[in-house]
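K.L.:
For this one, chain A is given, so just place chain B on it according to the hints.
Order-wise, the sequence lines are chains A and B. In short: position in the first sequence from 1, add 102, done, that's our numbering. In short: position in the second sequence from 1, add 3, done, that's our numbering.
Incorrect hints may appear among the rest.
[Stated by the list, open to error] Sample of chain B residues lacking proximity to chain A, with all beta carbon distances greater than 10 Å (derived):
{"id": "1", "residue": "51"}
{"id": "2", "residue": "77"}
{"id": "3", "residue": "97"}
{"id": "4", "residue": "122"}
[Stated by the list, open to error] Distance ranges between label pairs, derived from CB positions:
{"id": "5", "chain 1": "A", "residue 1": "229", "chain 2": "B", "residue 2": "203", "range": "36 to 42 Å"}
{"id": "6", "chain 1": "A", "residue 1": "105", "chain 2": "B", "residue 2": "83", "range": "37 to 43 Å"}
{"id": "7", "chain 1": "A", "residue 1": "221", "chain 2": "B", "residue 2": "50", "range": "41 to 47 Å"}
{"id": "8", "chain 1": "B", "residue 1": "114", "chain 2": "A", "residue 2": "239", "range": "26 to 32 Å"}
{"id": "9", "chain 1": "B", "residue 1": "50", "chain 2": "A", "residue 2": "148", "range": "45 to 51 Å"}
The set of hints was computed from the structure by calculation and includes no laboratory data. Where a beta carbon is used, it is the ideal one built from N, C-alpha and C, also for glycine.
Chain residues, written in single-letter form:
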Amino acid sequence: MIREFGTGEITFILLAVRWTLVLSAIAFAGGAVGGLLVAMARISPNRWLAGSAMVFIRFFQGTPPLMQLFLVFFGITIFGIDVAPLTAAAIALTLHASAFLGEIWRGCIQAVPSGQTEASWALGLRYGMRMRHIVLPQAARIAVAPTVGFLVQLIKVTSLASIIGFVELTRAGQIINNATYEPFLVFGLVALVYFAICWPLSLVARRMERRFARIAAR
Amino acid sequence: MNYDFDFAPVFARWPDLLSGAWVTLQLSFGAMAIGLVVAVLGVWGRTAGPKPLQWLIAAYVEIIRNTPFIVQIFFIFFGLPSLGIRFSPNAAALVALVINVTAYAIEILRAGIEAIPKGQTEAGTALAMSRLQIFRHVVFMPALRTVYPALTSQFIFLFLSTSVVSVISANDLTATGNDINAQTFASFEIYLVITVIYLVMSLGFSALFATIHRIAFSYPLSR
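Same shape as in the complex, but just chain A:
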């Protein structure tokens, strides 16, 4: 039986947005913590630590996000644990975001002029204080624009969680499309919702990037 595409269906899709946002928020928050660790490991003088951070980044930048989701989803079941799609997606995307943010932030940390580090040595600051008070605050300013840019990418990647059965925005669209067979309306609406979330973020990222380029050129 084919259902009408009515207000109930629209509401179903609009309410599913919250799961897209929840998954994005978890992955972004987890990725922020993981990304900081990866970035610090990557620039560490310890070769093993730097090397493993490098391998971690290469793996996540060199494999499809969909495969990363599948490996976590099916990998956990190996331990005989039944895993909810949200849990699997949250773990996979947290790792994914850690790798990407780690690489982005490594670049930002290394972009802080080395004179700053040398000055803090001269002042006798130790590693922790140097990072916390001198290097990271300056790196953070450079990092805002690319980080917001990555957030847009991450929100789009959460749509792949629909494939392992997590009912977020894209999966809700598929469910409604299967019932109503109005692909134009359904996926048009779904695309519109993603656009309404991502476009403002893209604009903010681009504006900050331009402002930073102007400051840097001065």
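P.N.:
What follows is chain B alone, placed relative to chain A:
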């Protein structure tokens, strides 16, 4: 953990995996090649075309870059047939990939062209270079050098995105994995092998692109 890894059913289907990987490569290179040509036209329209065309292209670029690829492919594969346009899964996959990569390529190429100062072509004229020489040595090669890193990382991004076309059962590498999974249920082993195949290919592309970069753009930047 008492799980017996069983890779035998995966390796038994090695020929299928190879042909899946071949489809993935065809989709990636095909979409990139077509996408670049369309993007060159797009950049021309975006910078030199009439105002409405400029807005249209700008809107297209923003819409594609701010929506997930999986939604775009659903829209094309399920949506367009209701307009009477029907595709096989592989054709729909190629169309969706082209539409997607073109939007990114337009932005990359535009940035590359904007980076070339006008004085540079004028300097070429002053040196009595022919128009072809100016285009080749003054505009094209420097612009290519500027956009090359972005274009190659875009290609690898595209290559990894092709795995999503498995959702409309195009027969790429990931879809081949889905087939084997449906018959053997050795899910983790299958997707691990496939992930390694993707990883080897993308690392290979990175190395290849870096070598090309060294050879083709080794001339000094300034003096």
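K.L.:
What hints, given by number in increasing order, does this structure fail?
P.N.:
Numbers 2, 6, in rising order.
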